[in-house]
Every structure is written in structure tokens, then in C-alpha cells.
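Turn these sequences into a full structure, and let the hints guide you.
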Amino acid sequence: MNTHTETQFTPIDPDLYAKGFQLLDPIPEPVASAVPSPVSVILAAGPVHRPGPVEKTLTDALAFLDTHGWAKHHLIHPEGARCSIGALRAATGTRNAAYRDAGKLLLDEARRQHGKQWKAIPAWNDSHTGPQVRSVWEAAIQRAHHANI
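The letter at position 18 of the sequence shown is residue 18 when you use the numbering used here, and the numbering goes up by one with no holes.
Simulated from the structure, these hints should not be mistaken for lab results. Cβ atoms here follow ideal geometry from the backbone N, Cα and C, with glycine treated the same way. Please note that the accuracy of each hint is not assured.
To be verified - Computed cross-link-like contacts, PhoX-like style, restricted to lysine-lysine with a CA-CA straight-line distance of at most 25 Å:
| # | residue 1 | residue 2 |
| --- | --- | --- |
| 1 | K72 | K119 |
| 2 | K116 | K104 |
| 3 | K72 | K116 |
To be verified - Simulated restraints on C-beta separations:
| # | residue 1 | residue 2 | range |
| --- | --- | --- | --- |
| 4 | Q113 | G80 | 18 to 28 Å |
| 5 | D15 | H146 | 53 to 63 Å |
| 6 | A63 | D108 | 14 to 24 Å |
Following this line, the structure appears as C-alpha cells:
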């Protein structure tokens, strides 16, 4: 038996199958107005810092000084400005543990920056310039932040 078999194949486009499958199962196009799910937003945001009571007291007191002004030689100046102790009292409203710990940290930082001779915050406050006092406040806040207190 002599069966004749044709060995000539018709050439095809090499990307034919890829094009066919792409038509059957297209790649979804990204949606520009997609709203992320609340879970993905929370996970992407990372941990939220919650200031401890000492950091909050120091931050609130410095904000008080920024708003109402800083004073020397007066707990409360007639125009509303306050010294460092006055600002701490304004921030807490009472002499609680956060007030005492914030005061200790502020005095410790004042001693680190300006010498060990300072026995109390009022004497240190009254002997320095506004920028020097602010530098101590900012450093104390950073220390409280890093210590998470």
C-alpha cells in the first residue's frame, strides 16, 4: 500500500497561540480610581506613636509657651506668658506624677546642657535665653519620646 503523506505544513504566526490565549483570558487593566481597603491602609500606615504622659506633658507645656509666651522671673507674667514651671503647671492642671516626672526630666536635661549647678528649674529658666531654654525643652521631649514615657 502506497499512501501519500504531505509533509508541507502551512506556516503560522509564532505569536498566534499567545494572541489567542490573551483574547480568551485578557490581563485585567489597573483601575485608577480603586479605593484601598481599610485593612491595607492600616497595614501600610505602620505603628502609631502614642506619647506617654511625660512626653505629652512636656509637649503640651512647650505648646503653651509657643502660644502664650515665655517669661523670666515670673511664674505667670501679667500678659499671660509663663516660665518653664508655669508652663508645666498649665499643661497638667495639677501636680501629678506626669508633672513631677516631666519636671525631673527637664531639669536633668538643663543640667546636661548647662551644667550640674542648677538645683531647680526656676533658677535655670531665669538664667538663660529663650533659645537656650527651648533647646532644653526640645531635647527633653525627644528623650521622653525615645524612652516612651
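Consistency of the hints with the structure:
1. K72 to K119: With Cα atoms ~17 Å apart, K72 and K119 stay inside 25 Å; holds.
2. K116 to K104: Holds. K116 to K104 sits at ~13 Å (cutoff 25 Å).
3. K72 to K116: holds (20 Å)
4. Q113 to G80: 18 to 28 Å: Cβ of Q113 to Cβ of G80: about 27 Å, so the range 18 to 28 Å holds.
5. D15 to H146: 53 to 63 Å: holds (60 Å)
6. A63 to D108: 14 to 24 Å: holds (21 Å)
In summary, this structure violates none of the numbered hints.
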